[in-house]
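Colleague: What follows is the residue order along each chain.
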Amino acid sequence: MKPWMRWIVATLILALIFHLATVMAIPRLAMKTAHQRILERAGSRLNTLLHSPRVTVDSRDVVKPSPDLLYSLCVYDVSEKPLRITAPVPDTYWSLSFYQTNTDNFYVLNDRQAKTNPVEIVLVGPKMEVPNVTNAELVVAPTEKGIFLLRSLIMDEDKLGDLIKIQKKARCKSF
Amino acid sequence: MKLILKILICLLVALVLGIGSALLLIKFSPIDKSRVVNGPWRTSLSIGSPQAGIYLRAWVALNGLFALNKTETVYFSADTDEDGQSLRSGCNYRVEGRDMAARWWSITVYGADNYLIPNEAMRNAFNDQDVAKNADGRYTISVSSTPKRGNWLPSGNQDQLYLTLRLYNPLPEVYHKPAELELPQIIKEACR
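The listed protein sequences correspond, in order, to chains A and B. First residue of the first sequence: 1269, per my numbering; consecutive thereafter. First residue of the second sequence: 27, per my numbering; consecutive thereafter.
Only chain A is shown next, with the shape it has when bound in the complex (with noise of 0.2 Å):
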């Protein structure tokens, strides 16, 4: 191999991994970028719901914010305790989902699928001893921390204020 081509073959090699590095690592920086969002707005709390004011175009912590929904957001940590979720059902499109740090949604429920009203899910760490749960849906979390999120989707504008009366019911809390 001639020496110039050695080099075109490690700028070509070297492109790949770049390449690759950057595919993989933005969704981990946009999900790091989301958690400090929240995380300021919920005053540094972990496992704690924060409940967002309707959407508007001041709206800037995600992108592509859908202004049908009113959103509650919990950023949580399991690595110690488990988290217990607390969630009642409102008469509307209505959903509660989980996300591990790779951006992944491992866990999802909606208002027809709630066999309870309130919802109420056990949410424990990878690596955590399974507690013995009753009245709750038991959840196992891929990695410790990640970001749970609840949508409420606004039907009805007159209903806007029993919705959001409903949202604030809801509960996420480490024990």
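Treat the hints as calculated values from the structure; they're not laboratory data. Idealized CB from N, CA, C, for every residue including glycine. Don't take each hint at face value.
[As the list claims (entries may be wrong)] These stretches of chain A come out as covered by chain B in the derived footprint (C-beta under 8 Å, 3 or more residues):
{"hint": "1", "region": "1292-1299"}
{"hint": "2", "region": "1332-1339"}
[Stated by the list, open to error] Taking lysine-lysine pairs in the DSBU-like style, the calculated list, with each CA pair at most 30 Å apart, reads:
{"hint": "3", "chain 1": "A", "residue 1": "Lys1441", "chain 2": "A", "residue 2": "Lys1349"}
{"hint": "4", "chain 1": "B", "residue 1": "Lys53", "chain 2": "A", "residue 2": "Lys1332"}
{"hint": "5", "chain 1": "B", "residue 1": "Lys203", "chain 2": "A", "residue 2": "Lys1332"}
{"hint": "6", "chain 1": "A", "residue 1": "Lys1332", "chain 2": "A", "residue 2": "Lys1433"}
{"hint": "7", "chain 1": "B", "residue 1": "Lys32", "chain 2": "A", "residue 2": "Lys1332"}
{"hint": "8", "chain 1": "A", "residue 1": "Lys1270", "chain 2": "B", "residue 2": "Lys32"}
{"hint": "9", "chain 1": "A", "residue 1": "Lys1332", "chain 2": "B", "residue 2": "Lys159"}
{"hint": "10", "chain 1": "B", "residue 1": "Lys214", "chain 2": "A", "residue 2": "Lys1332"}
{"hint": "11", "chain 1": "B", "residue 1": "Lys159", "chain 2": "A", "residue 2": "Lys1427"}
{"hint": "12", "chain 1": "B", "residue 1": "Lys174", "chain 2": "B", "residue 2": "Lys159"}
{"hint": "13", "chain 1": "B", "residue 1": "Lys203", "chain 2": "A", "residue 2": "Lys1300"}
{"hint": "14", "chain 1": "A", "residue 1": "Lys1383", "chain 2": "A", "residue 2": "Lys1433"}
{"hint": "15", "chain 1": "A", "residue 1": "Lys1436", "chain 2": "A", "residue 2": "Lys1332"}
{"hint": "16", "chain 1": "B", "residue 1": "Lys174", "chain 2": "A", "residue 2": "Lys1427"}
With chain A fixed as given, assemble chain B onto it according to the hints.
Modeller: Same frame as chain A, now just chain B:
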């Protein structure tokens, strides 16, 4: 000295090539097999699912973090009109459609930065409930920077516009035959 210069050039070219090609592939995601094209609308049925490949995952992180899976919500996005021209505030558009096979749907316009566009009418989206429909159930939404009668979606002053169509709890036909659905048409009118 010459060697250091060569190494530096090699590194720089690799950086530009590597990161540039990554961003391009993410933007156009030709690798994603689950990508669906329907007129100007695009979606991927692997959004929010563990089957999502690394490119799709990166695309979602940049364009719609915390997206839900297809049985919860199917997201179609458009950055061009029917003729494949980029959507921008300098042109007026007519979005024409009919009801869609979902529990609820909405059409939202975003600016070049992927956030909602500030406007005095305080309007960023139309949905199943608040869009004014004709007697036959069809509707027309005007996307323009100047006020329009009827369903007006203000587009502000943006080099690029993005439309997102959300179908909440879609009927199975939406994710079984997404390319054959009748989705709203995005028709360009006058440009300045």
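Colleague: None of the hints should be skipped; say for each whether it holds.
Modeller: Structure-based check of all given hints:
1. Only when three residues or more bring their CB closer than 8 Å to a CB of chain B does the claim for the region 1292-1299 of chain A stand; here the count is 6, and the claim holds.
2. Remark: the region 1332-1339 of chain A is confirmed as covered by chain B, as 5 of its residues place a Cβ nearer than 8 Å to a Cβ of that chain, reaching the required three.
3. Restraint check for lysine 1441 of chain A and lysine 1349 of chain A: satisfied, since their Cα atoms lie roughly 10 Å apart, inside the 30 Å limit.
4. At roughly 16 Å between alpha-carbon atoms, lysine 53 of chain B and lysine 1332 of chain A fall within 30 Å of each other, so this suggested pair holds.
5. Distance restraint check for lysine 203 of chain B and lysine 1332 of chain A: the Cα-Cα separation of roughly 25 Å lies within the 30 Å cut-off, and the hinted pair is therefore satisfied.
6. Taken as a hint, the lysine 1332 of chain A and lysine 1433 of chain A pair is honoured in the structure, with Cα atoms around 25 Å apart against an allowance of 30 Å.
7. At most 30 Å may separate the alpha-carbon atoms for a hinted pair to count; lysine 32 of chain B and lysine 1332 of chain A exceed this at roughly 43 Å.
8. As the CA atoms of lysine 1270 of chain A and lysine 32 of chain B are separated by approximately 15 Å, the hinted pair is consistent with the 30 Å bound.
9. Restraint check for lysine 1332 of chain A and lysine 159 of chain B: satisfied, since their Cα atoms lie roughly 26 Å apart, inside the 30 Å limit.
10. The straight-line distance between the Cα atoms of lysine 214 of chain B and lysine 1332 of chain A is roughly 23 Å, inside the 30 Å bound, and the hint therefore holds.
11. Proposed proximity of lysine 159 of chain B and lysine 1427 of chain A is supported: the alpha carbons are some 22 Å apart, at most 30 Å.
12. At roughly 16 Å between alpha-carbon atoms, lysine 174 of chain B and lysine 159 of chain B fall within 30 Å of each other, so this suggested pair holds.
13. This hinted pair does not check out: lysine 203 of chain B and lysine 1300 of chain A have alpha carbons roughly 35 Å apart, beyond 30 Å.
14. For a cut-off of 30 Å, the pair hint linking lysine 1383 of chain A to lysine 1433 of chain A stands: about 21 Å separates their Cα positions.
15. With a C-alpha separation of about 23 Å, the suggested pairing of lysine 1436 of chain A with lysine 1332 of chain A holds against the 30 Å cut-off.
16. At most 30 Å may separate the alpha-carbon atoms for a hinted pair to count; lysine 174 of chain B and lysine 1427 of chain A meet this at roughly 28 Å.
Taken one by one, the earlier hints fail for this structure at numbers 7, 13, listed in ascending order.
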